[in-house]
Amino acid sequence: MSSFLFWIFAALTLIFGAAVVLNPNPVASALSLVVSFLGLSALFMSLDAFFIGIIQVLVYAGAVMVLFLFIIMLLDLRAEERRRINWLAAAGGFGVAVILLVQICFVIGRFQVARQIPPPITRATSGDVWNIGQLLFMNYNLPFQVIGVLVLVATVGVVLLSRRQPR
Amino acid sequence: MITLGNYLAVSAILFTIGFAGVMLRRNLIVILMSLELMLNAGNLSLVAFSRFRVGVNGLPDYNAQVFVFFVITVAAAEVAVGLALLVALYRARQTAHVEDIRNLKF
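Chains as they are written, first to last, in the working numbering: chain A, 1 to 167; chain B, 1001 to 1106.
Warning: the hint list may mix true and false statements.
The list that follows gives simulated cross-link-like pairs (lysine to any residue, SDA-like), each with its CA atoms no further than 20 Å apart [unchecked claim]: (1) LYS1105(B) x LEU101(A); (2) LYS1105(B) x ARG84(A); (3) LYS1105(B) x ILE85(A); (4) LYS1105(B) x THR1095(B); (5) LYS1105(B) x LEU1089(B); (6) LYS1105(B) x ASN1027(B); (7) LYS1105(B) x ASN1006(B); (8) LYS1105(B) x ALA1009(B); (9) LYS1105(B) x ALA1092(B); (10) LYS1105(B) x ALA1084(B); (11) LYS1105(B) x ALA90(A); (12) LYS1105(B) x ASN86(A); (13) LYS1105(B) x GLN1094(B); (14) LYS1105(B) x ARG1026(B); (15) LYS1105(B) x MET1023(B); (16) LYS1105(B) x PRO24(A); (17) LYS1105(B) x ARG1093(B).
If you are wondering where the hints come from, they were derived from the structure by calculation, not from laboratory data.
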């Protein structure tokens, strides 16, 4: 993947990621999140992780965002009315975020491995779905089944939580 | 040429945007979306490390991608439970605003 496409999709991801936080309207935030996830999926594909890119689109941009939009419309959340902003707390939160970013960038700058360009994939790949599936069902079989139980527990919990309480 | 550091920098900025959203926004549903941004920033750095660590068999390290698969699954379950909690809270209090929930506030 050429570096031009990398910068395009990185900018898309970051600009719409910032729009999620900056938009006062939750529906606009959710739609910005969809675009941000599509850009992120393109970045995954630029890293030759096609399976992860596809399930990013299917699970996040598809299922999770539909869930978000559904809940926003169910609860009829409007744009936030202007409230009194606690400027001291906002500046504190922003300051902590900036300090975190500076620290991570400092660590990446000191990190020798971060300067390398991608090593070539020498073997003709048999498709990364095949490789991931092989690993998932051979080496990670037990965690995979535990994840299945976790999803079942989450489903039962969601049904229980959203049931109307008998008065 | 794009290096590993570029991907890690994008991941770091995306994580910081999500973190700032959790710290600054007061709307619970936007806080949940910011959590998703942070999880995805972690996924991006995992996939980048996987691609830049080509083993002796000439393939990327697929262990990291299996881990990303697990993260995506758990994140989807987490969103479902979080939104169900939000609906339950909205039924009880008619608000999705963190400053209106102050029962435990000292």
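### Query
Any hints this thing doesn't respect? Which numbers, in order?
Failing hints, ascending: 1, 7, 8, 10 and 16.
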